[in-house]
Amino acid sequence: MSQDGEVTLLLRQWSDGQPDAMDRLFNVVYPELRQIAGALFRGEPPENLLQPTSVVNELFLKLIQQRSMRFEDREHFYSFSARLMRRVLVDQARNRKRQKRDGGFSVPLDESLVWIGAASVELVDLDRVLEELSALDARKCRIVELRFFLGFSAEETADLLNISKATVDRELKFVRGWMHERLNYSGA
Amino acid sequence: MLNELEDWDLLQRLFHLAESAPESSREQILDQQGVSPDLKQRVLRMVQGAELPPARSHDQPVAGKLGPYTLIRHIGAGGIGSVYLAERLMSGVPQRAALKVLAPHAAGPSFIERFHREQHILASLSHPHITRLLDAGVAEGGQPYLVMEYVDGVHFDDFCDARSLGVRERIALFLQICDAVAYAHRNLIVHLDLKPSNILVDGQGSVKLLDFGTSKLIHSGTLLTTTMLATPAYASPEQLRNEPVTTSCDVYSLGAILFDLLAGRRSAGKLSAALMFERAISEAEPENMPAAVTDDSAKLRGLSAARLRQVLAGDLETITNKCLRPRPKDRYPSVDALADDLKRYLAGRAVLAQPQTTFYRVSKFVRRNRASVAWLTLVLIALVASVGYAAWRQQQAINAGRRAMQMQAFMYRLFKLANSNYTGKPAATVPEFLALGARILPDYIKNPADLRQAQLGLAESMYETGDLDSAQKLFTQVAAEAKAENDIAAQAESEAFSGNIHYLNGEIDPGAALTANALKLSRQPGIPPSVRVWSAIYYAWGRDNNGFRSDENLSLLRYAVKEARRSNLSNRETADALFNLAEDLELRGLMQEAQDNFNQSLRLYGSDPAALCEQSAIYGELAFIKQQTGDLPGSAPLYRKAYDGYKTCSGPQSRGALTQQEFLAGVLLKTGSPEQALSMMEQAMPLWRKMLGTGPDLSEPLNFMILAELANNRFPQAEQHAAEMVAIQTGKVAATDRRFGVSHLLWARALIGQGRYREALPHAEIADRLLAMNAISAGAKQAGAEAHALLLDVQAKLQAQGSAVR
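Protein chains in written order, with the working numbering: chain E, 1 to 188; chain H, 1001 to 1806.
Derived by calculation from the structure, the hints in this document are not laboratory data. Among these hints, one or two may not hold up.
Using 27 angstroms as the maximum straight-line C-alpha spacing, the simulated DSSO-like pairs for lysine-lysine come out as follows [claimed, not checked]:
(1) Lys-1732(H) with Lys-1670(H)
(2) Lys-1299(H) with Lys-165(E)
(3) Lys-1670(H) with Lys-1641(H)
(4) Lys-1040(H) with Lys-173(E)
(5) Lys-1781(H) with Lys-1670(H)
(6) Lys-1065(H) with Lys-1040(H)
Listed below are several chain H residues computed to face chain E (Cβ distance under 8 angstroms; list not exhaustive) [said to hold, decoys possible]:
(7) Asp-1007
(8) Trp-1008
(9) Gln-1012
(10) Arg-1013
(11) Met-1046
(12) Arg-1689
(13) Ala-1711
(14) Phe-1715
Computed from a predicted structure; not experimentally measured. Just so you know, even glycine gets a beta-carbon here, dropped at the ideal spot from N, CA and C.
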């Protein structure tokens, strides 16, 4: 892992508006998480897979082992973590798909993501649709990331983004419908 | 195709429109919006897609074999694998077991070796509440698995909720868990993933813990950590930080389970891994357990939310918190210690988790012996509650908040009740106990600023119980120390009280000086509002009562009320401020405004039984105002209320009760019930004599006694009492005092009643002379006029007699 305090510094730079700090941040934390995710999912039939929450556990463990880590800007910190988890899981899926060449790999996500629909939906497609969503409506994308890649509850999501739980529920409902339609009917 | 960027808002609007409508009318609604058929279909598909599919059931039948085991169905998934109900034929008889399929990394490279190494320990774990680990293996294809005793039961928390078990029943079940965990710890096995879903209750109502020993078999290396074993909502901070794990981790998890078990899900929906990690890193103190109670969780425990909070606040919260401390050394040293404390709680004995302050032990004693609570105990509460009150005050400095406010109210109430409740025994030992408290206080509180706060609380308790000398000593000491340490708030508070005591002792100069300095100090920034309020009250009230009456005083008393309201001081303190203002207004003859403020004060004291004496005093004042404004019949029931209240709050022999009683008697005399008044005063006089001896204050009840005797034509008795009244005043009261005038007036009337006009004459002359002097108030003028009329009457009678004799 990186030197102590590096993550904190990068997070601060990122929240201070230096966009490349996010990339450097990824580079600091990402490789190790990929390794962990790889170990967790290697060669597993889906029902035996570890829950991705285990990866989340590990992510936080790595981050908080940075002794100087502070939760000064919680929204940035958790949004970053959610984005990171998304990338780790999607890359893991992409990697498996390459190895297996069968394309039939189902999404090893938190059970909360069952709503995405058919088991055949691939995380890679999901990722692409989320990119689209992010361009259309960044906040909705952030809600999805926090909620389903980081395991935030609706209440926590609302708290962090400073909106009401009713808004979170309402927006998620819409996103659910939109993504479902996008993945299954719109030739995404 | 829809242009997303342009129509994103439209799409959301249509979606929500359709989604909130009944299915049958959706198409119609969308048609009314004039949308294209394509868009309509899209929105309808979205609405359909947004429906949550039914939760995936784990009880899916599966087919397959692992080693000698046949899988029957999937029954659960955890952090390190999935669990199946499985079956194995043993000598032709099918035996059921729970089979846990492990992710290979969790099993690690030498899984079977480890299993064999640990097997003798795991096999020796034989306990009625622990499910046994039966077997382990690696199937063809390299799939590692563990085999455990199968329990056909329900999750512990579901079991309790389904039966709406009460708090005590839940604790009793929880003790079974503690027993099992303690047993495993004695065998050097920690669980590391204790949580409600790992605890089942079988058909016999017996608790069964799952997964004991799993932690020993799990491979934790450099890449993967023990962290992943944990369920963050129940895992100790050190485990989440991947620090060395000990039995203390299980103590923490038990605390988390206990929290849920008693209060309901911890701050429902606030249990995600992220937040638990944040708590772990910041070493957050345990959440407030009573605050986590919801209406639903209370209902599942057969109580109202308010009642459940009440039950949890105190011991149960303390016990749970002691498990949930972020640092292992602050937790219970063992599960046995936790269980012992819970058993102490169930038995109503003092639990050890709480710091062993005198207050704590005593309040516990009181609760346990509620039926036979002795007077001594109440005195002890008065002592220790004041220490507790002080502890609250230290706490307030650290975390002012709702909870602290409740704590204050509670402490204040306790100590008020203890101070004011009628106990039927002399209160001589109250000061002794408070003095003891002052002596031992430094043993409990080491920080000088905290100690000052505690001493202030104690000194105020002494003041409340009337031990002015000891209170004065302590206030003076605290004031000096606070001054040396530049603790302005404590200095202001102690000098305000100290000055007030000087006033009460008739030491006007130091009283005026200290209250003035306190007022000045209290105006500096950062002084707590209650200190500002009381400094103003003591300054103004002291001056108004001791010859420095000014408008400034009145506006200070008004300020105190305003400030108490503005700063949201407790109802009680605001009521006190109103009371003081009203009394001052009454003193100034502003009866209407005084009455209004008394009534407001009365409302704020509400039905607080600890404020019964204050409420009774107000009834007395309201009665007095009615009396002054000529409504005698209206004042009698108010005096009676005041009398009854004092009888309850401080006893029928208390000065407060006897005073209200004599006022009531005074009104009864004038409203046509002289017999009743006389019998009241005849009962009261021995009590007054016991209380006051032959001090000059006895002249007041004697006054009412004589009035009652005169009204009932008991002239010889009245004569005797009037003579006594003069005797006790002689040498104690200035020879020109109006009080002598009253005594002689009564004496004269007693003699006149017996036709002894000549003897009555000198008394009537003295009364006329003294009562004519300084008659400023209406009452005094009336007395002066009465005395003069009496003198004229006596003179006339004597003249008539004289002419008759001549």
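Hints, verified against the model:
Proposed proximity of Lys-1732(H) and Lys-1670(H) is contradicted: the alpha carbons are some 30 angstroms apart, above 27 angstroms. This hinted pair checks out: Lys-1299(H) and Lys-165(E) have alpha carbons roughly 24 angstroms apart, not beyond 27 angstroms. Restraint check for Lys-1670(H) and Lys-1641(H): satisfied, since their Cα atoms lie roughly 18 angstroms apart, inside the 27 angstroms limit. Restraint check for Lys-1040(H) and Lys-173(E): satisfied, since their Cα atoms lie roughly 18 angstroms apart, inside the 27 angstroms limit.
Distance hint between Lys-1781(H) and Lys-1670(H) is fulfilled; the C-alpha atoms sit about 19 angstroms from each other, no more than 27 angstroms. Between Lys-1065(H) and Lys-1040(H), the direct Cα distance comes to roughly 50 angstroms. Violation of the 27 angstroms bound is thereby established for this hinted pair. Given the 8 angstroms rule on beta carbons, the hint for Asp-1007(H) is violated: about 10 angstroms separates it from the nearest Cβ of chain E. At a threshold of 8 angstroms, the smallest CB-CB gap from Trp-1008(H) to chain E is about 5 angstroms, leaving the interface hint in force.
The beta carbon of Gln-1012(H) comes within 6 angstroms of a beta carbon in chain E, closer than 8 angstroms, and the hint placing it at the interface holds. Evaluation of the Arg-1013(H) hint against chain E yields a violated restraint, the C-beta minimum of about 10 angstroms exceeding 8 angstroms. Residue-level restraint check for Met-1046(H) holds (minimum Cβ-Cβ distance to chain E is 3 angstroms; threshold 8 angstroms). Hint status for Arg-1689(H): violated, given a least beta-carbon distance of 70 angstroms to chain E, over 8 angstroms.
For Ala-1711(H), the interface hint is violated, the least distance from its beta-carbon to any beta-carbon of chain E being 74 angstroms, above 8 angstroms. Using the Cβ-Cβ criterion of 8 angstroms, the hint placing Phe-1715(H) at the interface with chain E is not satisfied: the shortest such distance is roughly 83 angstroms.
Figure legend: structure checked against the earlier numbered hints; hints not met, in rising order: 1, 6, 7, 10, 12, 13 and 14.
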